[in-house]
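Trainee: Taking the hints into account, I'd like the entire structure generated from these sequences.
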Amino acid sequence: MADQQVGGRGGQGGAAPAAAAPKYAWPAKPVLLSTAVKRLDGPDKVTGRARYSYDINRPGMIYGRIVRSPYPHARVVSVDLSAAEKAPGVKAALAWKEPGAQVMYQGDPVAGIAADTEERARDAARLIRVQYEQLPHLNSVEQAMAADAPAVFPGGNVREGSKEETGALDDGFAKAAHVVEATYSTHVITHVCLETHGCVCEWDGDKLTAWISTQAVIQSAQQFAQGLKIPQSNVHCITQYMGGGFGSKFGPDAQGLICAKLAQQAKAPVKLMLDRKEEHLDTGNRPSATAHIRAGVTADGVLTAFDGQSWGTGGAGQPAGFPLPYIYNFPNRRRTHKDVYINAGPQRAMRAPGHPQGCFLTEILMDELADRVKMDPVAFRVKNLPPRGPNAMWADYFASGAKQFGWDKRHPTGDQTPGPIKTGMGVSAHRWGGAGGGSQARVDILSDGSVVVKCGTQDIGTGTRTIVAMVAAETFGLPVSAVKAEIGDSLLPFSGGSGGSTTAASVTPAIRVTSVDALEALCAKVAASLGVEPTELVAEGGRIHVKGNTSKGLAWKDACKLIGTEPISVNGRWQQGLSGSGTSGVQFAEATVDVETGIVKVTRILAIQDCGLVVDKLTAEHQALGGVIAAINFALFEDRLLDRVTGQMVNPNMEWYLLAGMSDVPKIDIVLNNMPERGVIGIGEPPTVSTASAIANAVRNATGATIRSLPLHPHKVLAALEQQKAGGTN
Amino acid sequence: MTVSRREFLKGAGVTGLASAVTAAGVAETEAQTGPRVLGPGDVPVSLMVNGKRLELKIEPRVTLLDALRNRADLIGNKRVCDRGTCGACTMIVDGRTVYSCSTLAIEAQGKQIRTVDGLANGATLHPVQQAFCDVDALMCGFCTPGFVVATVALLEKHPNATPEQMRKGLDGNICRCGTFVRILEAANAAKAKGVARG
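Protein chains in written order, with this note's numbering: chain A, 254 to 983; chain B, 5 to 202.
Derived by calculation from the structure, the hints in this document are not laboratory data.
A hint or two may mislead.
Claimed, not checked - One-sided excerpt, in silico: chain B residues whose CB lies under 10 Å from chain A:
1) 66
2) 85
3) 86
4) 136
5) 137
6) 140
7) 144
8) 152
9) 174
10) 176
11) 177
12) 182
13) 184
14) 186
Stated by the list, open to error - Covered stretches of chain A (chain B as the covering partner; in silico rule of three or more C-beta atoms under 8 Å from a C-beta of chain B):
15) 363-377
16) 490-500
Ideal Cβ placement from N, Cα and C applies to all residues, glycine included.
Mentor: Here it is as structure tokens:
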């Protein structure tokens, strides 16, 4: 599967952006951009005043609940709502699946109900009687791929993907002095958004308002309209605050449509937020990835050949694509891929879809190859990199990172220190796209000096609200607090969903272009009053004045008094040249392994990341920190476990679905390479790609045992150590 | 929170004595009338939240978290795992942090309940809240109220908490965006400024 498989968002993209019109270009000496600006909505979030969809309470509001299939595969024979409809407090009930329809995974929605309190809605949901005819199900990739597997999915349980081949594989292996052949894999994890999926729906006649927890407020309105067969102009979606999405919240989904229908039936606003179990079962996951790989290398460490057969599951009827091999130059290579369907919740995009998987499968192999040719893993990687470019800075990062991390203190594979605690270091590289496009904005300058910037984007925790205000404030020479940023509403100018690390690169150019145009309109009025040409004027330090002559000008407020009754109101859109695409990064990890218990602890991470023009240093660095911590979870803790017999998830909660706590978080150093000449590039995703691979390589370096699959749970570490004692893992 | 062995024994002794007295009282009452049964159906519940009396009529099975969020529009603390694992619902009840998703509202009667909604003094943030904003110790913000309350309780109890005490004290909360590093920075900054006992 090529990178295009993940929507092209992970692709390297163009290196140098086409130039924007000079007047729109980012300022050469910014006052605010690339500085640390505090999140504008911080005070609202720390005080609890920020009202998320989950927190919306409307007059007369009732509570919705969904009844879901307990079986991984079954035919719905009947849905009987009668007993539930008579239960105390029930105001609406509906069957979501018709008799005869199939449920394809545990948690597939079947019916919905709404009652006046949440407790009564839960009681009533238990009274909905659904008869199922259980059907054969597939709980694992192994079961689905078995020759005698029942045919569960129409068209087959396994879909052959396209075959990729470059160069001459046989020649490549002929040139190899060493060949490593092994199977590598990563597991399924779920998004675990702290604010579960859901919304509050309220009808006014034929018009719907939905306060929805989404990464795509305008696209949600579109999907409500399609799903309910009503005009999009009758739908209003609002997402002022959103408690985490990570790629899983791009629309109303079944729960949103069920909520809207219940609200229609009950003639009352309905709140329907999923519970924690539903969130694990039916709101997406990161697909698994496995590859059986043969790879060749010359005696002096040049990669010659890669032959990989890969597969993975995205659950019920969903693909599991990922890039392979990742980053490094294998001149002769072949890759085949199969998507395997099983009866489990369908996958959704999850933070850098495909990349953590492809990165892990390749990077563990790289360390094994480096050992074969007795080369340092960093030197080996640098020797096999694609050419250096603005979006391919790995060689620089390997060098600077090794120095900063103290890589020279890394011992060869296998820590010989006496005692049970072994320490090791590992390294990994990654890339991402992060291009922008297709965003509009409106800027209003009012006669009292107020500035309102409007854009139909949403802040999913990345700080979008703050960078929207920053860009306008920078353009107008005002403090950030002087700008009101209006986002998170489907009635605002169009902007895209927040996915693929595209938001900053889409939104900031639109705000810049629109603000520059609005400033031009204001300068025209100021110029007339000062008797100068508009082009002579600049906005800085809270004033509009003649360039180089601060005294010949007006304070912002006085300038705005010239506006009169009709405010300056300018619409604009994203333009090429202010954003870029394609980022590269390298991460180093240090970990300890207790060889008696198998417990892995990460002690240090260094993440080096390029990201074009840094907008807000504070929030940009925080995204990188968060990406690293998310990947520590992926490496060491979280794992979606399905029961081998029933196909039901055994840990759909937060006590057995493990996530890192404060004591599990190591020292993390972030180095952002600010490259203003490349324009704005999103970095929400790339910093989460490499961490797990670097940790796994550190564990290998510590113990000498290779664990070729995630997560690095203690039992697997111990098993690998036993295997190593019994004759090595190679 | 780290508790020294001496403090633990002292605390356990007092609690043991108190429960012995209460148990004797309950046994006496029960002998006469049997245990008091509440519900089913709504019962009056009186709560003291952020210094204000709150009279509710709710089913006895309603949790403290749901009572405040769904019946009193006190929405600052969040419901995330709903079974006492993630800490987003953390409130301070009689000086101790509790998972309000796993505490019945009826059990919190007669106690002083503090939620995130009551920490700020008008527009003036609590020092912990201010520190969270200053170092950007939040992203999506959904775990933030729980972390803020846990940090306040930690520093009220251990004004000079060691880094290890801080980590342990905040281990009962989970963040999915990955704000832990900055939360610890914020807790340190708030400690340096000093947090008055609430």
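Trainee: So, for every hint listed, does it hold in this structure?
Mentor: Against the structure, the hints come out as follows:
About 7 Å separates the beta-carbon of residue 66/B from the nearest beta-carbon of chain A, less than 10 Å, and the hint is met. Of the supplied interface hints, the one on residue 85/B holds, with its beta-carbon coming within about 4 Å of a beta-carbon of chain A, less than 10 Å. Below 10 Å, beta-carbon pairs count as interface contacts, and residue 86/B has one with chain A at about 6 Å; its hint therefore holds. The beta carbon of residue 136/B comes within 5 Å of a beta carbon in chain A, closer than 10 Å, and the hint placing it at the interface holds.
Given the 10 Å rule on beta carbons, the hint for residue 137/B holds: about 4 Å separates it from the nearest Cβ of chain A. Contact between residue 140/B and chain A, as hinted, is supported at the beta carbon level, the nearest pair being about 5 Å apart and thus within 10 Å. Proximity of residue 144/B to chain A holds as hinted, the smallest CB-CB distance being about 3 Å (cut-off 10 Å). At its closest, the beta carbon of residue 152/B sits 6 Å from a beta carbon of chain A; the interface hint therefore holds under the 10 Å criterion.
Proximity of residue 174/B to chain A holds as hinted, the smallest CB-CB distance being about 4 Å (cut-off 10 Å). The beta carbon of residue 176/B comes within 8 Å of a beta carbon in chain A, closer than 10 Å, and the hint placing it at the interface holds. Of the supplied interface hints, the one on residue 177/B holds, with its beta-carbon coming within about 7 Å of a beta-carbon of chain A, less than 10 Å. Of the supplied interface hints, the one on residue 182/B holds, with its beta-carbon coming within about 3 Å of a beta-carbon of chain A, less than 10 Å.
Hint status for residue 184/B: holds, given a least beta-carbon distance of 4 Å to chain A, under 10 Å. The beta carbon of residue 186/B is positioned within 10 Å of a beta carbon in chain A (closest approach about 6 Å), and the interface hint is therefore held. Given as covered by chain B, the region 363-377 of chain A passes the check, having 3 residues with a CB less than 8 Å from a CB of that chain where 3 are the minimum. Three residues within the 8 Å Cβ limit are the bar, and the region 490-500 of chain A against chain B gives 5, so the coverage statement holds.
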